[in-house]
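There are 2 protein chains.
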Amino acid sequence: MISQKYKEMLGAKSVIREMSEWAGARAKEIGKENVFDFSLGNPSVPVPQVFTDKMIELLQSRDTMELHGYSQSQGILAVRKKFAQFLNQTYGMEYTAEHIFMTTGAAGAVAHAVRAVTQPGDEVITFAPYFPEYNHYVNQTGAVLKIVPADTQQFQIHFEQLEKTLTPKTMAVLINSPNNPSGTVYSEQTVKRLAELLCEKQKEYGHDIFIISDEPYREILFAGVKAPYISKYYDNTLSCYSFAKSLSIPGERLGYVAANPNATDGELISAMCAQISRGIGHNCPPSIIQIAVAEVLGVTSDLSVYETNMNIIYDELVQLGFTVVKPGGTFYIFPKALEADSVAFCKKAMQYDLVFVPGDSFGCPGYFRMAYCVETDKVRRGMEALRRFVKEVYNK
Amino acid sequence: MISQKYKEMLGAKSVIREMSEWAGARAKEIGKENVFDFSLGNPSVPVPQVFTDKMIELLQSRDTMELHGYSQSQGILAVRKKFAQFLNQTYGMEYTAEHIFMTTGAAGAVAHAVRAVTQPGDEVITFAPYFPEYNHYVNQTGAVLKIVPADTQQFQIHFEQLEKTLTPKTMAVLINSPNNPSGTVYSEQTVKRLAELLCEKQKEYGHDIFIISDEPYREILFAGVKAPYISKYYDNTLSCYSFAKSLSIPGERLGYVAANPNATDGELISAMCAQISRGIGHNCPPSIIQIAVAEVLGVTSDLSVYETNMNIIYDELVQLGFTVVKPGGTFYIFPKALEADSVAFCKKAMQYDLVFVPGDSFGCPGYFRMAYCVETDKVRRGMEALRRFVKEVYNK
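Top line first, the protein sequences correspond to chains A and B. With numbering that gives the first Met the number 0, the residue at position 391 of the first sequence is 390, and numbering never jumps. With numbering that gives the first Met the number 0, the residue at position 185 of the second sequence is 184, and numbering never jumps.
These aren't lab readings, by the way, just hints derived from the structure by calculation. Errors might be hidden in some of the hints.
Intra- or inter-copy, both count: the list cannot distinguish identical chains.
[To be verified] Lysine-lysine pairs mimicking BS3-like chemistry, simulated, CA-CA at most 25 Å apart:
hint : residue 1 : residue 2
1    : K395      : K347
2    : K390      : K80
3    : K4        : K145
4    : K80       : K6
5    : K6        : K200
6    : K225      : K347
7    : K27       : K80
In this text, all values refer to a predicted model and were calculated from it rather than measured experimentally.
Make a model of the complete structure from these sequences and hints.
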């Protein structure tokens with residue numbers, strides 16, 4: 000019989016998708032170049048040529064049954080070895096292949112990580128503002144997502160609120176730095192304080208608490224900003240990664256879970272993820288993409304345009320009197336709206352063909368997200384529209 | 000805290016994997032060519048050149064952000080349209096893109112289909128002998144897999160046993176024709192009788208019962224055998240397909256669910272699957288593979304070698320006095336073992352470097368599976384080993 004649960008979900012469309020669909024419809028009316036669509040977090044820089052060349056080389060030279068054959072259920076062993084070595088060199092870790100589980104993007108990684116360290120009824124904590132899909136990644140496993148209210152001063156962690164949210168049922172803390180939607184990068188101080196607090200709580204509760212660290216924006220960092228590698232600071236860490244943003248290949252669905260070798264059962268977690276896969280449709284990512292990416296590890300698309308765009312937008316927002324925290328990375332910025340109701344604010348902006356996403360979607364009403372993975376010229380023209388909007392609607 | 004459920008699964012390794020690992024180890028001792036490994040269902044014929052050429056052409060000509068960009072959550076619309084058209088032409092159906100949901104292989108398809116039409120506690124029926132992963136695809140959703148004992152005469156459906164297994168909690172029947180492990184193709188008579196019975200039961204129980212039809216071997220059919228397209232005979236059918244076997248690309252994880260347009264909520268099921276995806280790690284298959292496969296629809300690898308191999312093995316088995324049903328398709332055959340304990344039979348065969356999988360794994364003890372996706376020369380040499388084995392151990 001048709002599942003009512005999923006049928007009912009059809010009514011509740013993602014607001015982000017809705018804004019983006021409106022933008023698409025509007026583009027048909029007035030031309031795509033005239034819609035300032037800051038709604039979707041879709042990479043806007045080309046895939047590195049070396050990746051394309053590697054794909055072609057593999058197709059021309061490899062035995063087809065080897066190239067397109069089944070990978071082991073944890074992912075191709077040779078690929079996992081390379082990823083482990085790369086992470087060790089880059090972040091001073093001590094992973095081996097057995098700590099790595101290949102997934103279909105960061106979504107697949109988080110979905111597996113949550114199942115590996117919780118059971119139905121357990122609590123997973125995350126911090127507003129947060130990526131709304133976390134609700135699904137967590138709640139559909141039977142665990143319960145608890146939200147810590149935002150530190151709207153800096154979008155670091157509101158530790159007093161976190162302490163109130165932790166309970167003996169907390170089995171995992173899901174973090175995302177560099178952050179979607181705020182663009183904030185957790186400081187070393189934040190990460191250390193989080194690690195200390197969770198160590199204390201592990202002792203107090205007498206069980207493990209895992210950090211599930213969602214890191215698809217790890218390489219998109221702006222001048223002078225360092226992103227602490229979370230797993231370096233806390234043993235019970237599962238790092239979830241995706242190549243979607245760093246290589247501009249979101250459609251190819253490649254990511255991984257890397258379990259800290261010192262985590263409880265750290266050497267078993269990847270194998271456990273392979274067991275989890277059996278029930279959720281075998282998330283093994285495509286063989287050719289696994290092999291090609293492993294050959295170009297460390298290469299990224301030219302990500303510098305995101306910083307260029309961020310500076311243009313940030314400066315303009317400051318000039319216009321917005322309250323805004325300067326992003327340390329990603330391709331997002333999360334200013335305070337000019338009225339308390341950020342949905343109303345975003346709707347008014349649409350009259351100027353500016354497409355933003357209200358902070359309500361991220362558990363942080365009163366703010367709005369701009370995704371600036373957009374051509375720089377359009378960003379500039381978008382700022383003109385923003386000035387008109389702010390002047391005409393808010394007299395600023 | 001580490002999930003005990005998945006940790007405990009690590010102990011219970013798949014027997015098929017275990018046999019295959021033994022074969023790998025043995026190959027290191029005596030050379031791969033001397034191990035007659037009939038354990039794994041891995042395609043053994045090359046990928047069609049036209050697929051490789053298409054992949055290279057796409058990489059050389061398309062905009063990289065378009066080629067590797069996010070696909071819609073149900074799969075790339077243009078691709079789904081082509082798949083719908085192809086199915087309509089081939090099987091006389093009336094699908095549109097909205098009935099198609101792209102998945103990571105047949106595993107992803109079945110995992111989504113089960114969730115779409117059951118809720119925890121519901122029953123899903125399948126027929127022995129059956130693919131053992133069905134236990135995971137179904138039981139990890141919270142539904143319960145019920146097994147109908149085998150019709151060992153023909154490996155069609157044992158309808159008396161099916162009637163005993165149906166209850167008001169039955170929400171789906173999971174079938175697999177052409178069948179792994181028996182190689183049997185359901186006759187039109189079988190399919191019609193199943194459809195009639197389920198129609199009756201739908202009325203009697205007052206709710207829908209779906210057929211989830213797992214069809215990865217749809218194109219591997221032997222001389223004179225026709226495979227009825229299940230969905231043509233029963234409206235409430237979700238057809239689950241994979242290109243793993245037909246194009247020899249199992250590692251690229253491409254498949255789909257096609258919901259019969261006349262099924263209850265047939266036009267919503269694909270969209271519901273996209274909602275299901277959000278909780279299990281977004282199974283969207285890789286963009287470039289979606290696009291490339293859509294360009295070569297109808298093309299398959301040269302699958303004729305499987306029939307050649309089947310005939311060699313079938314004739315030999317008959318000659319040696321085995322009880323065996325002649326396969327109508329796939330690359331499997333499922334003879335009766337020469338002693339009641341088929342695990343003991345398979346272990347004895349290993350002493351002759353023959354690797355079979357005991358029927359116990361498929362819910363059908365006393366039989367064994369041979370996967371003949373193996374070079375024909377090796378099949379021939381394997382038959383020599385089989386003759387020696389049967390003569391020396393069973394005096395036949």
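Worksheet item: Can you tell me if K225 and K347 fall within 25 Å by alpha carbon in one copy, between copies, both or neither?
Response: Close neither inside one copy (37 Å) nor across copies (61 Å); limit 25 Å.
Practice prompt. Could you place K4 and K145 in one of the four classes (within, between, both, neither) given a Cα distance threshold of 25 Å?
Written response: For K4 and K145, the Cα distance is within 25 Å both inside one copy (21 Å) and across copies (23 Å).
Discussion item. If the cut is 25 Å between Cα atoms, do K395 and K347 qualify within a copy, between copies, both or neither?
Written reply: within (15 Å within a copy, 86 Å between copies)
Practice prompt. Indicate which option fits the pair K6, K200 if close means a Cα-Cα distance not exceeding 25 Å: within, between, both or neither.
Written response: between (39 Å within a copy, 24 Å between copies)
Discussion item. My question is about K80 and K6: at a cut-off of 25 Å on alpha-carbon distance, are they close within one copy, between copies, both, or neither?
Written reply: between (42 Å within a copy, 23 Å between copies)
Worksheet item: For K390 vs K80, is the C-alpha pair at or below 25 Å within one copy, between two copies, both, or neither?
Response: For K390 and K80, the Cα distance exceeds 25 Å both inside one copy (56 Å) and across copies (46 Å).
Worksheet item: Taking 25 Å as the upper bound on the Cα-Cα distance, should K27 and K80 be classified as within, between, both, or neither?
Response: Only across copies: K27 and K80 sit 22 Å apart there, 48 Å inside one copy, limit 25 Å.
When held up to the earlier numbered hints, the structure conflicts with 2, 6 and fits the remainder.
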